[in-house]
Amino acid sequence: MIAPLISIRGVTKRYPGVLALDDVSFDVYPGDFHAIVGENGAGKSTLMKILAGVVTEFDGEILLRGQPMRFRGTRDAEQAGVSIIHQELNLVEQISAAANIFLGRELRGRFGLLDERAMRSAAADLLGQLECRVRPEQPVSTLRVGDQQLVEIAKALSLKSEILIMDEPTSALTESEVERLFRVINRLRSQGVTILYISHKMDEVFANANRVTVLRDGRHVQTLAAADASPRQITHAMVGREIEETDLSAPRQPGDVVLEVENLSLPWPGHARAFRLENISFSLRRGEIVGIAGLMGAGRTELLECLFGAAPQRPQGRLSLAGREVRFRHPADARRAGLALVTEDRKRLGLFAHLNVADNINICTLGEAASAGVLSYRREIERATEIANRLGVKSAGVRAAITSLSGGNQQKAIIGRWLLTRPQVLLLDDPTRGIDVGAKAELYRLMDRLCRDGLAILVTSSELPELLTVSDRILVLCEGRKTAEFTRAEATEQRIMEAATRRTDAA
Amino acid sequence: MSSPAPHDSSSHSSVWAGRSTEVGLALAVVVVLLVAGSLDSNHSYWRDPGASAHEILRKTVILGIFALGSAVVIIAGGIDLSIGSMIAFGGATFAAVLLALSPQNMKSGHLAPGHLALATGATLLVGFLVGSLHAWLITAVRLPPFVATLATLVGLRSLGRAMVEAINRGLLHSSSTQINVLDPVFRGWVNSIWTRVAAFVILAALFWLLMTRTVVGRRLFALGGNEAATRLSGIRTERLKWLAYCLSAMCASLAGILYVGEQSVADPQTLGRGYELNAIAAAVVGGCSLQGGVGTIPGVALGCLFLNTVIDSINKVIKSGADLYEGLIVGIVVVVAVTYSQLRGAAGRGKQFFAGALGWVAIVTLALIAAALLALWIGRGAALAGGLAALALLALVRFWESRQANA
Numbered sequence: 000m001i002a003p004l005i006s007i008r009g010v011t012k013r014y015p016g017v018l019a020l021d022d023v024s025f026d027v028y029p030g031d032f033h034a035i036v037g038e039n040g041a042g043k044s045t046l047m048k049i050l051a052g053v054v055t056e057f058d059g060e061i062l063l064r065g066q067p068m069r070f071r072g073t074r075d076a077e078q079a080g081v082s083i084i085h086q087e088l089n090l091v092e093q094i095s096a097a098a099n100i101f102l103g104r105e106l107r108g109r110f111g112l113l114d115e116r117a118m119r120s121a122a123a124d125l126l127g128q129l130e131c132r133v134r135p136e137q138p139v140s141t142l143r144v145g146d147q148q149l150v151e152i153a154k155a156l157s158l159k160s161e162i163l164i165m166d167e168p169t170s171a172l173t174e175s176e177v178e179r180l181f182r183v184i185n186r187l188r189s190q191g192v193t194i195l196y197i198s199h200k201m202d203e204v205f206a207n208a209n210r211v212t213v214l215r216d217g218r219h220v221q222t223l224a225a226a227d228a229s230p231r232q233i234t235h236a237m238v239g240r241e242i243e244e245t246d247l248s249a250p251r252q253p254g255d256v257v258l259e260v261e262n263l264s265l266p267w268p269g270h271a272r273a274f275r276l277e278n279i280s281f282s283l284r285r286g287e288i289v290g291i292a293g294l295m296g297a298g299r300t301e302l303l304e305c306l307f308g309a310a311p312q313r314p315q316g317r318l319s320l321a322g323r324e325v326r327f328r329h330p331a332d333a334r335r336a337g338l339a340l341v342t343e344d345r346k347r348l349g350l351f352a353h354l355n356v357a358d359n360i361n362i363c364t365l366g367e368a369a370s371a372g373v374l375s376y377r378r379e380i381e382r383a384t385e386i387a388n389r390l391g392v393k394s395a396g397v398r399a400a401i402t403s404l405s406g407g408n409q410q411k412a413i414i415g416r417w418l419l420t421r422p423q424v425l426l427l428d429d430p431t432r433g434i435d436v437g438a439k440a441e442l443y444r445l446m447d448r449l450c451r452d453g454l455a456i457l458v459t460s461s462e463l464p465e466l467l468t469v470s471d472r473i474l475v476l477c478e479g480r481k482t483a484e485f486t487r488a489e490a491t492e493q494r495i496m497e498a499a500t501r502r503t504d505a506a
Numbered sequence: 000m001s002s003p004a005p006h007d008s009s010s011h012s013s014v015w016a017g018r019s020t021e022v023g024l025a026l027a028v029v030v031v032l033l034v035a036g037s038l039d040s041n042h043s044y045w046r047d048p049g050a051s052a053h054e055i056l057r058k059t060v061i062l063g064i065f066a067l068g069s070a071v072v073i074i075a076g077g078i079d080l081s082i083g084s085m086i087a088f089g090g091a092t093f094a095a096v097l098l099a100l101s102p103q104n105m106k107s108g109h110l111a112p113g114h115l116a117l118a119t120g121a122t123l124l125v126g127f128l129v130g131s132l133h134a135w136l137i138t139a140v141r142l143p144p145f146v147a148t149l150a151t152l153v154g155l156r157s158l159g160r161a162m163v164e165a166i167n168r169g170l171l172h173s174s175s176t177q178i179n180v181l182d183p184v185f186r187g188w189v190n191s192i193w194t195r196v197a198a199f200v201i202l203a204a205l206f207w208l209l210m211t212r213t214v215v216g217r218r219l220f221a222l223g224g225n226e227a228a229t230r231l232s233g234i235r236t237e238r239l240k241w242l243a244y245c246l247s248a249m250c251a252s253l254a255g256i257l258y259v260g261e262q263s264v265a266d267p268q269t270l271g272r273g274y275e276l277n278a279i280a281a282a283v284v285g286g287c288s289l290q291g292g293v294g295t296i297p298g299v300a301l302g303c304l305f306l307n308t309v310i311d312s313i314n315k316v317i318k319s320g321a322d323l324y325e326g327l328i329v330g331i332v333v334v335v336a337v338t339y340s341q342l343r344g345a346a347g348r349g350k351q352f353f354a355g356a357l358g359w360v361a362i363v364t365l366a367l368i369a370a371a372l373l374a375l376w377i378g379r380g381a382a383l384a385g386g387l388a389a390l391a392l393l394a395l396v397r398f399w400e401s402r403q404a405n406a
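Protein chains in written order, with numbering that gives the first Met the number 0: chain A, 0 to 506; chain B, 0 to 406.
The hints are simulated quantities; they were obtained by calculation from the structure and are not laboratory data. Cβ atoms here follow ideal geometry from the backbone N, Cα and C, with glycine treated the same way. Check before you lean on any hint, since a few could be wrong.
Derived, one-sided and incomplete: chain B residues facing chain A with beta-carbon distance under 8 Å [stated by the list, open to error]:
{"#": "1", "residue": "R212"}
{"#": "2", "residue": "V215"}
{"#": "3", "residue": "R217"}
{"#": "4", "residue": "R218"}
{"#": "5", "residue": "F220"}
{"#": "6", "residue": "A221"}
{"#": "7", "residue": "A227"}
{"#": "8", "residue": "A228"}
{"#": "9", "residue": "G233"}
{"#": "10", "residue": "R235"}
{"#": "11", "residue": "G292"}
When you get a sec, could you build the whole thing from the sequences and use the hints?
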């Protein structure tokens with residue numbers, strides 16, 4: 000029996016009001032590809048941050064090669080050979096790839112001046128090992144997400160890390176980039192690097208990992224050899240209950256066309272591609288859910304922003320709402336015309352963290368809770384309570400802080416905010432991002448119900464099974480162009496993926 | 000200095016949260032008065048409370064008038080650095096309009112009420128225009144608020160001076176850079192403590208209504224808390240900013256009129272110099288977050304009261320050098336108040352103030368500041384003893400901190 004490389008012993012981490020990790024213990028053996036799986040909020044990221052010295056205050060103990068370790072920062076961790084690649088990359092975009100790799104440990108030549116040549120050639124070496132064909136002097140901002148990630152991995156390699164932690168590294172990658180990443184990971188493993196890998200994606204986990212640890216609600220459920228487990232078993236352990244199959248099979252009856260988009264293009268000044276979106280046409284009917292599929296950067300968010308009058312440039316093309324041509328210069332125009340947009344980045348673009356649930360719900364329709372501009376608290380509370388009850392927002396009342404709600408309930412509150420505007424068209428940008436499985440099913444049923452009441456819904460998602468569950472039709476975007484449109488019957492994951500990568504790899 | 004909810008300091012709502020900032024400030028005012036009253040060898044707070052109250056209130060309400068405007072901008076997520084210059088420019092405009100309307104009356108010191116009203120209207124209009132300029136620079140030209148209002152901070156004062164000089168040359172054939180406003184009736188009215196308190200209370204009540212009870216106020220909080228989300232909620236953020244910067248500039252120009260009445264002269268070179276920082280300090284002490292989205296009007300009013308109470312009581316204790324230390328006191332109060340509010344939050348737990356080499360340098364710097372103050376106020380012996388005591392005390396704090404951190 001080999002000695003474990005890392006032993007996690009009774010690790011507990013408490014945030015105000017939340018127990019993020021509750022007495023978690025398991026071992027990681029040298030050379031493993033050890034996957035950590037669990038729903039959102041299960042504590043995966045927190046645990047990894049503790050291992051990497053990002054989070055320094057916790058109870059319990061971590062043994063590294065049998066020695067108790069307590070990192071006081073990422074620097075400590077890096078010296079001990081532990082590096083983390085965060086989901087949101089930690090690069091300084093303005094400076095070059097080489098400068099990023101050596102940030103904080105710059106090579107110096109005579110007189111203590113920077114030795115750019117040495118850094119550049121060392122960076123070129125590292126990037127070469129990773130099959131990354133970028134020049135070391137290129138600013139990071141000009142790199143694709145997949146290459147940026149390899150720059151981070153190169154940085155970890157330059158630190159001679161023995162343990163590499165990766166937090167959902169494939170969520171922004173194209174298929175060929177994912178393949179390259181796993182080739183790189185396998186090469187690193189053959190050199191003795193241990194990989195700790197957080198993921199949601201069962202196929203990735205089972206194709207690569209040799210051990211799997213399941214966390215749920217901050218607790219350790221089990222750690223088992225991948226060979227002994229089935230995806231179904233793991234999913235069951237993650238959720239702790241059978242996932243109820245969301246049955247939305249009863250056919251909906253779409254009505255008249257409510258939104259008609261013709262040759263919509265969005266210019267992209269100063270960029271080689273010239274257009275973020277190019278010649279997109281489609282229509283949306285009342286009582287219909289149309290899904291938009293595409294990889295990161297395909298233009299899903301841009302398309303919704305364009306429709307909502309929130310695009311950075313003025314779009315070209317024709318947009319008609321219920322037969323009348325419209326042109327939105329500001330989200331206020333779109334809202335008045337009956338459009339509603341639930342944004343992808345809830346924290347940055349949707350929530351008002353300082354305000355309570357009622358304020359967050361009422362913010363778009365404050366005028367209706369006021370007479371002559373003066374608000375009536377009573378009416379505000381009534382309106383918020385009514386919609387919160389209708390959508391099943393679980394909270395300690397509408398006066399509770401919005402940040403005290405779970406992701407799924409925050410999302411429902413934001414949908415409630417927009418339902419109060421009585422929209423004709425609801426635009427949902429990846430509405431289940433960061434929401435756990437149970438809440439997802441609830442959102443699907445909500446969408447179905449709203450749709451049956453006559454709302455038209457345009458929804459994007461990064462998860463194909465989700466789009467296949469909820470949509471009547473699916474549009475596929477690839478690099479700003481519409482490459483396919485499928486009815487529910489025609490659509491399969493395989494066909495959508497093909498359409499979504501049609502041009503990416505040629506470019 | 001926002002109040003922590005029972006379980007989670009980040010999960011409180013700014014507008015409705017318990018009033019702990021306000022209560023804390025009110026208590027702090029009382030404590031400062033009690034301490035200063037006992038330290039003061041003349042015991043002027045006990046012997047003549049009326050005069051002291053008058054003095055503190057007079058300064059509080061005039062600071063309050065322009066601090067209110069400043070606070071609205073800060074709550075909306077911006078900053079207005081031009082307030083001091085706007086006070087000067089407002090005062091200059093007021094005097095210049097009066098002079099232009101009737102050079103004769105200005106000399107004799109008997110102004111027509113109609114002229115006063117006209118001049119006041121013109122001054123507020125100028126405030127509106129400057130606020131609109133700020134809003135335009137920020138929303139259309141897309142300058143950061145810091146840059147836009149820094150430009151007017153520098154520009155308005157010199158424009159005011161040039162304007163006063165030109166009007167003096169044209170109408171009075173003098174090259175003076177100031178205009179005297181001598182009318183005793185106007186001055187008596189403006190300098191009456193009751194007029195001032197009434198003006199401030201009415202203004203504060205209106206601002207309080209605006210921020211807590213109206214659609215616009217709620218949107219200003221939303222704008223300051225999350226600008227992108229506010230825009231994506233279909234709210235015209237540029238109009239909200241327009242309102243906020245206009246309120247700020249108009250409050251400042253109103254304060255300019257009051258200062259002209261107080262000093263009986265409009266001198267754009269010196270009037271209101273540096274007052275923008277006092278306004279920002281009062282807002283921050285009163286619980287506004289410079290990140291935006293957080294703050295209350297009563298808090299700002301109490302912040303003004305607290306700042307002026309501290310200044311006044313230190314003057315009472317050290318007797319001489321009244322205005323010399325005002326900036327220093329404001330600086331210290333802001334640092335202490337904000338540090339205290341952070342310490343109350345979760346972020347303060349386990350925080351080390353004096354770690355590493357920077358910690359040692361900070362300890363020496365703070366001890367030197369303490370020694371310098373003692374030297375100025377008491378004498379050389381006290382400075383040496385006090386400085387060493389501060390050094391020893393802070394070193395002890397550092398030692399304790401590092402032990403806590405390693406435990």
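Tested hints:
1. R212: Check passed: Cβ of B:R212 comes within 5 Å of chain A, closer than 8 Å.
2. V215: holds (7 Å)
3. R217: Holds: closest Cβ of chain A sits about 6 Å from B:R217, inside 8 Å.
4. R218: This hint holds: B:R218 lies near chain A, its Cβ roughly 7 Å from the closest one there, short of 8 Å.
5. F220: Hint holds; B:F220 Cβ to chain A Cβ min 7 Å, cut 8 Å.
6. A221: Holds - the Cβ of B:A221 comes within 8 Å of chain A, reaching about 5 Å at its closest.
7. A227: With a closest approach of 5 Å, the B:A227 hint holds.
8. A228: holds (5 Å)
9. G233: holds (3 Å)
10. R235: Holds: closest Cβ of chain A sits about 6 Å from B:R235, inside 8 Å.
11. G292: Status holds, d = 4 Å.
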